[in-house]
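A.B. asks: One-letter residues, chain by chain:
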Amino acid sequence: MDKQLSSDTIAALRDLAREVGDARGLGEDAREELYGHLEDKTLGYLSGEDGITEADAVLLTREHFGDPGAFPEAVVQVQAQFRSLVSLPRRLAAVAVLTLTVGIAFSAVRLLLAFFVDTETAVDLFAPVNLPALWVVVVLKMAAIVVVLRGWLARERRGLRLWYQDRTPAAIALILLALVSLQWLVPDVRFDQKLLTAEHGTLLRTIIDMPRSIYWSFIALGPALAMLMPLMWIAWTDRRAFMAKAVLGAAVAWGALNAASDFPEIAVGAPSYVISVDSRGFEIQSPPMGVSDMLEAWGYGSDITLQSALVLTGYFAALAGILPGIAVAVYLIAGLGGRLVRRYGELEVRWRPAAR
Amino acid sequence: MKLDKELVGASTSLLVLSTLAREATYGYRLIKAINKEADGLFEWQEGTVYPILHKLEKEGLVRAQWQTADTGRRRKYYYITAGGREALGQGVEQWQRWHGMVMKLGEARNG
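First to last, the sequence lines map onto chains H and C. Just so we're aligned: the first sequence equals residues 40 to 395 in this note's numbering. Just so we're aligned: the second sequence equals residues -16 to 94 in this note's numbering.
Bound-form chain C, shown alone (with noise of 0.2 Å):
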């Protein structure tokens, strides 16, 4: 089952920065990991994960420095910041309490 794109789409920024936590990581990495984690959920573009890697990083939720990857080659990492965790966890707990919205109207249904 594919999900929603509208319901991907509004966790887009809780996605990347909860990868993001685990390990700083570059737009390519970055995009394997999610559409792995997704296990067929949903598939990023590849186009579509860098502009909100940008907007986080204009946000200061997290900051970008070019390194050498374990290929050899320069790519640009990105980490999560103090405030990307902070966004993170308030994120996490509203999607938390959405969530549980939605089960409870879902049961009251079934039921």
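Okay, chain H solo, but in the shape it has when bound (with noise of 0.2 Å):
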């Protein structure tokens, strides 16, 4: 009985000695007796010294087998894992859909409210200058978004299909693809700029005459709130462990899918409802502003040149590259200090004890 135990089955064995002293009520004295009993026992049946019965043979085979109730239920979490193994462009393609859905929902609604329900109250709510009605407008577009990729996520896990697994790539292309074109045609509600000098509703008075320290506090608010989309894009792509060209891949098709869908209104104009407060009704306005328009505001002059194209390309790659690009470093700085950083294919699996 010379073997030493490792610290494992020590610690086990301390383990079991205090589960029956709290059981019967026993003293030190007594538990630490007992834990000599154990040791001795346990490196008996090392040494061979202490033999196996046949129903000490049950107990190692029953104990081996795992627990007969938990095992089904494992396995059907074992196979959930795998078949939640969604390819990348997959995972990138569904929540790109489920981000291009949620914007277009939310365009309609602030575009029915505009409408029907009344045009101060959506002149409030929507100047571009209620800068906490737009923040709260997107915080509630992304929690609508987590709370739809929960509902996958948790799906995947009972081991059940969806619909970016089953669907075909051209499919998923053509969906993808009208979600855009949708996007583009639903029509913006802007404002006519009268509109920040001219008298107005109340809350909007309130935003505008706020102190300078609040209401700038505001404006930064926005580009942290804006980060968070593509780090929500990175973690839905980042699922089985830590891969880099699923957080590369997540930000880069963030960045493409915000570029894919400026360009059109960008090149062409996109519909707008301009709510004018003086009129106090709506009008189509034609396209606000277009690539030409923008290269002669900033002095390239109105046709498109080697110059002006890079500079356009430049200002848009920065435009699509800057937000992706702070939240990579932010998801993999909080990977270094957390769980997020993990071994490539590790897969763990707790349903029973490890085999001796």
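Honestly, I wouldn't trust all of these hints.
[Said to hold, decoys possible] From the structure, some residues in chain C lie toward chain H, with a derived Cβ separation under 8 Å:
no.: 1; residue: Y9
no.: 2; residue: G10
no.: 3; residue: Y11
no.: 4; residue: E29
no.: 5; residue: K38
no.: 6; residue: K41
no.: 7; residue: R57
no.: 8; residue: R58
To be clear, the hints were calculated from the coordinates, so they are not data collected in a lab. Quick caveat, the model's predicted, so the values are computed rather than measured. Each residue gets a CB set at the ideal place from its N, CA and C atoms; glycine is no exception.
Now that you have both chains on their own, put them together as the hints suggest.
C.D. replies: What follows is the structure, given as structure tokens:
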């Protein structure tokens, strides 16, 4: 019995002695004695000094097999984990479809509110200077996306199939294209510039009259909130274990979707409804600003040259890349300090004790 | 042949005391020694010996002392006391008389 027990075994025997001691109300002395006995017995088995009876063998067999009650559940869990290994492109397509759908839904609500509820309320709620309202909308959008993503994940864990696992790539591409188009077609609620100086609702006046420090803190909140969206995408794609391609893929895809969503608006203009405070009504305004207008405003003339094309490319690349870039950095930094950095391919199955 | 549990149960204290009278030891070794001597006639469960040891300790028939076993680990050794030896002697004598009576009655039945 010179063999040394591992620290894990000693800890397990200590736990067992404590359990028995608690159950029987034993004092410290008796517990220590009990532990000694358990240790001797274990060493006796390991050295062969203690033979194994048939009853012992049955106990060992049962222990190694695991809890029969937990077994079917564990099998389902393990299978579900394998079933949920959705490919990265499908995961990206799923979150893109969801983001676009939620965006369109919010735009539609905003439009309906402006049309059918009250013009002044719409002005108060959606004027560009009403930052708190804008940020609330952003938060609500993200909350809606998180709720749906969590629902999808829960279904994945249960081993259920979801639409993004079964549709063909062509069908998913068509859905995405349709949503990008629809997003562009849903008119945006815009505001006549006179709004900012005209007499308007109480809420808007209050916000405009806020102390600068408060007002700017709302402005600063914008980028922070906006960064949460690509972070959410990254968290959604980086499911199984830390995967660089999932993190970068999500960031790039998020930037690409935003660029794709914004491109038609910038290139050909977007349908817009402009609320005029003076008229208290709606009018359809022609496209607000195209690429040529933008170039002219920047002093490059209205024609697209190599120089202006490079400037435009850099501008859009920066727009599409800044937020996801920051999001990737935040995610990686958080991951270094937390549980997000995991070994690739590690799959823990804890439904039974490890075999000796 | 396994012995009747009640028969073994009535003699547990004597078995423990007689084993300790040979050599002071700790619980685990004591059980192994007794089971070895029993040679299949009975087999004590490990949990049963400790309450007996603690009862004997309370009665002053054995005394316990923590010390390092030959394995290098701390174990609680039990020593038979003078009172224990006296109780053992009395117990053995009672068993001998009991044994004698049982044998005599058994012979009478066979005769």
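A.B. asks: It remains to establish, for every hint, whether it holds in the given structure.
C.D. replies: Evaluation of the provided hints:
A hinted interface residue such as Y9 of chain C counts as satisfied when its beta carbon comes closer than 8 Å to some beta carbon of chain H; here the least separation is about 7 Å, so the hint holds. Given the 8 Å rule on beta carbons, the hint for G10 of chain C holds: about 5 Å separates it from the nearest Cβ of chain H. At a threshold of 8 Å, the smallest CB-CB gap from Y11 of chain C to chain H is about 4 Å, leaving the interface hint in force. The restraint placing E29 of chain C at the interface with chain H holds, with a minimum CB-CB distance near 7 Å, inside the 8 Å limit.
Because the smallest distance between the Cβ of K38 of chain C and any Cβ of chain H comes to about 13 Å, over 8 Å, the interface hint for this residue is violated. Because the beta carbon of K41 of chain C sits about 12 Å from the nearest beta carbon in chain H, more than 8 Å, this interface hint is broken. Taking 8 Å as the C-beta contact cut-off toward chain H, the hint placing R57 of chain C at the interface holds, the least distance being around 7 Å. The interface hint given for R58 of chain C holds, since its Cβ lies 5 Å from the closest Cβ of chain H, which is under the 8 Å cut-off.
Violated hints, in rising order: 5 and 6; the structure is consistent with all others.
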